[in-house]
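Participant: Read top to bottom, the protein sequences are chains R and A. In terms of the numbering used here, the first sequence is residues 1 to 417. In terms of the numbering used here, the second sequence is residues 1 to 400.
Source of the hints: derived by calculation from the structure; they are not laboratory data. By construction, the Cβ of each residue, glycine as well, lies at the ideal position given by its N, Cα and C atoms. Watch out, some of these pointers could steer you wrong.
Facing chain R, a subset of chain A residues (Cβ under 8 angstroms, in silico) [to be verified]:
id, residue
1, Val47
2, Val48
3, Phe52
4, Ile185
5, Phe193
6, Leu377
Derived pair list, reagent style SDA-like, types lysine to any residue, alpha-carbon separation capped at 20 angstroms [unchecked claim]:
id, chain 1, residue 1, chain 2, residue 2
7, A, Lys67, R, Lys307
8, A, Lys334, R, Gly176
9, R, Lys307, R, Leu233
10, A, Lys334, A, Leu250
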Amino acid sequence: MSLLEEELHAEADESQGAAATSPAALTAFRRGASGVVVPIITAVIAFIAGGLIVLATGHNPLTTYQSIFNGTGLNWLFPWVSGSERATAATNLQQTLLNATPLVLVGLAVAFAFRAGMFNIGGQGQYTVGGIVAVWVGSSFNGMPSLLHILFAIVAAAAAGAAWAGIAGVLKATTGANEVISTIMLNWIAIWVGVYCFQLGGPLHNPHMSSTPVSNSVVPGAKLPVFWGSAQLQGLDVGIFISLALAVVFGLLIKRTRLGYEARTVGFNPDAASYAGINVGRTWIRVMLICGAFAGVAAALDILGWKFSLFTNDIQVSQIGFYGIAVALLGRNTASGTVAAAVLFGALLTGTSDRNINLSIDPTLVQYLTFMIEGMIILLVSTDVITLRLLKGGRQLRIALKRKPAEKPTATQGGAS
Amino acid sequence: MSVGTIAVAPSRTVSPKQIGIAGIVLAAVAWVITIPPIEVRGMAPSVVLAVFAVAAGAWSIAGGERKIGSEAIIVALFAVAGAAASVNSATATLESVFTWSALVAATLRYATPLVFAALGGVVSESSGVINIGLEGMMLMGCFWGIYGADLLGSWVWGLVVAMIAGGLLALVHAFFSINLRANQIVSGTGINFLALGITGYFLEYHYGPNGTPLNISQVPNVHLPLIQHVGFFGAAFGDANLMTWIGIALVPALTFYLFRTRAGLRLRAVGEKPRAADTVGLSVVRIRYWAVIASGMLAALGGAYLSVGFVGSFSNNMTNGRGFIALAAMIFGKWRPWGALWACLLFGFGNAMSDRVSSVNPTLGTLFEALPYVLTLVAVAGLVGRSRPPAADGIPYVRE
């Protein structure tokens with residue numbers, strides 16, 4: 001798109017009120033023009049604000065962030081780190097990537113919906129339902145060939161997640177129900193169904209664990225092989241490759257398939273899409289099904305990769321669906337952005353967990369710090385401001401630079417800044 | 001030339017809509033007769049009523065009222081299932097679950113925080129700002145309310161601090177939604193995370209692993225002197241919390257404000273046709289700011305009831321989704337205070353029921369915990385009638 005066309009499109013966008021602030025439009029505006037810069041700046045601002053709060057409560061934000069960083073394992077990437085420090089960093093990095101694996105998929109579950117103009121806040125519920133099915137399939141059918149068993153579990157979990165998300169999609173398509181509320185309600189319903197299943201006396205409760213509300217354990221044949229680190233110490237399993245492969249699938253889906261095209265069109269303007277002959281309701285349902293499938297696979301990878309069983313407590317305290325929202329928004333709803341954001345959040349989770357013995361600040365405090373940072377990231381992403389400022393500034397600069405030295409650049413291109 | 005008046009007899013036929021509604025009522029009765037105090041012990045009457053209800057529903061659908069007709073059929077099916085459950089339960093179990101006075105009292109307790117938050121939602125959305133952050137504002141009020149009551153010694157100060165906290169968070173939401181013209185649903189989600197982080201952080205920071213202390217000043221219950229010991233009414237209403245009554249009283253007060261005062265009219269104008277309001281000289285930005293801050297204060301009061309009024313302590317993420325239920329109550333209530341109140345009572349009833357079922361059958365009780373959320377889902381799906389939100393709801397206002 002030429003600079004002038006970009007300018008014209010930008011002007012048109014800004015005066016359209018609600019259309020300009022739909023998530024699809026918001027993130028598109030930034031996606032095309034600024035790539036990686038704005039997400040980084042958003043994250044940096046959020047971290048600075050978080051640091052201010054840490055400062056206000058009497059701790060040193062720099063040492064806090066430093067100790068968090070050391071706990072993430074990202075320091076393994078530095079060649080000057082060696083010896084036992086390197087070994088610790090390796091285990092930490094494995095944890096980070098283990099955390100990132102489901103975050104990528106849950107993030108994609110949210111991102112795809114955003115691209116289609118919908119808010120899939122239901123990642124948590126879809127993940128939970130996928131997890132219930134995955135642990136049931138994984139712990140049954142002992143003796144099935146490994147590859148088949150794993151495939152079966154993943155597909156079953158994907159189907160469960162898809163069905164759960166599909167409920168919200170169908171409700172939206174048929175009754176116009178606001179998917180924000182319906183997915184949030186489905187989250188809670190999924191949690192209670194899960195607790196019901198695995199509580200003492202529940203239908204899927206492990207009969208051998210009479211005092212612990214837990215599911216049956218995944219049989220050894222269905223566990224995902226670990227390729228880095230020790231299997232006994234929660235090393236990194238091949239799930240990360242599945243996750244990354246699905247991220248590529250997402251990218252292809254969005255850009256090169258008809259469904260992706262329809263989803264994007266509906267996301268920008270459902271009325272125009274309908275006028276163009278796209279069945280908006282059916283698109284919504286299809287998109288939600290796929291989103292739920294992604295979230296279900298995320299759960300399957302967690303269960304088969306390192307969890308191996310589900311406690312009712314796991315179900316009740318998990319927040320992964322909500323991290324997924326932040327991941328998707330920070331990643332601008334793209335495949336590569338989501339992966340990068342997922343690694344960032346995975347690192348944050350590892351660095352702030354109580355495994356990190358070097359943490360200079362109480363780990364519980366830092367977990368809430370993570371929530372605050374997440375909140376600020378989401379807030380910042382919800383507005384155009386940073387982008388507009390950056391892009392307007394950038395565009396004016398580019399226009400000024402492109403003009404031949406003899407001409408005077410015309411003042412104030414692009415309206416109020 | 002005189003025009004002769006022709007008296008036309010009013011139509012005596014019943015409309016399909018009325019038949020459909022009758023169907024729904026019949027279906028509900030089919031279930032109600034199997035629970036105390038009527039407690040019919042056989043399935044026959046319920047089945048008969050349900051069949052009539054389904055017939056009425058089918059007639060209604062044939063007459064063009066698809067939604068009401070299908071609702072009648074669905075309620076009839078659920079009623080038969082419910083009747084079967086009642087008939088197959090022991091009388092003693094039924095009696096202990098359906099102690100109506102205790103159920104009503106519990107309903108009021110569960111509904112109170114929802115009422116405050118839902119009213120907050122009504123105020124905000126009437127001015128045109130979607131407030132998904134009600135959950136976060138409730139949570140802020142929940143923590144800072146008990147913090148204030150602890151620090152400053154009385155529940156009154158606790159409520160004041162709660163309102164300030166909720167108002168401040170609402171200020172952030174207002175700034176992002178109104179000035180920065182953010183997507184209001186996304187910014188509301190961010191607000192919720194922020195609140196979760198802030199309340200958890202300061203809970204841990206100030207109170208540490210032991211949590212809030214035990215003897216903090218609490219909002220008192222109102223002992224109604226005359227009826228307190230009189231049978232059903234005494235047990236149901238005689239000992240409700242002060243905030244319950246305040247919440248209920250706020251409903252007619254807010255209705256009066258919104259629909260009978262000039263200030264209320266201005267607020268609604270800003271939510272329906274902001275450009276017209278702007279032309280007439282109203283400051284859209286200022287009115288929306290006040291509306292959002294007020295909604296934050298109301299939601300915070302709802303959250304404060306949980307901690308300062310009822311439980312007496314704060315635990316992490318204490319509101320646990322109530323803000324979203326309040327939002328659904330607002331939608332269910334068609335963005336009107338009275339409607340929101342009835343919706344909150346219904347959801348509170350769902351919570352109360354799940355409590356009672358849990359006490360007799362813990363396993364089943366877990367499933368019943370999902371009941372309020374299922375009811376909300378039903379409400380949002382518009383199965384009980386849907387009206388439109390304020391016309392400019394969610395659309396940032398751009399001055400030209």
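Participant: Look at each hint and say if it fits the structure.
Facilitator: For each hint, the structure was consulted:
1. Val47: violated (29 angstroms)
2. Val48: Violated. Min distance 31 angstroms.
3. Phe52: The hint is violated - Phe52 (chain A) has no Cβ within 8 angstroms of chain R, the shortest such distance being about 26 angstroms.
4. Ile185: This hint holds: Ile185 (chain A) lies near chain R, its Cβ roughly 6 angstroms from the closest one there, short of 8 angstroms.
5. Phe193: holds (3 angstroms)
6. Leu377: holds (5 angstroms)
7. A:Lys67 <-> R:Lys307: Not satisfied, since the Cα-Cα distance of roughly 45 angstroms exceeds 20 angstroms.
8. A:Lys334 <-> R:Gly176: Cα-Cα ~15 angstroms, so holds.
9. R:Lys307 <-> R:Leu233: Holds, at about 12 angstroms.
10. A:Lys334 <-> A:Leu250: Between Lys334 (chain A) and Leu250 (chain A) the Cα gap is close to 17 angstroms, so the pair holds against 20 angstroms.
In the structure shown, a violation is registered for the earlier hints numbered 1, 2, 3, 7, in ascending order.
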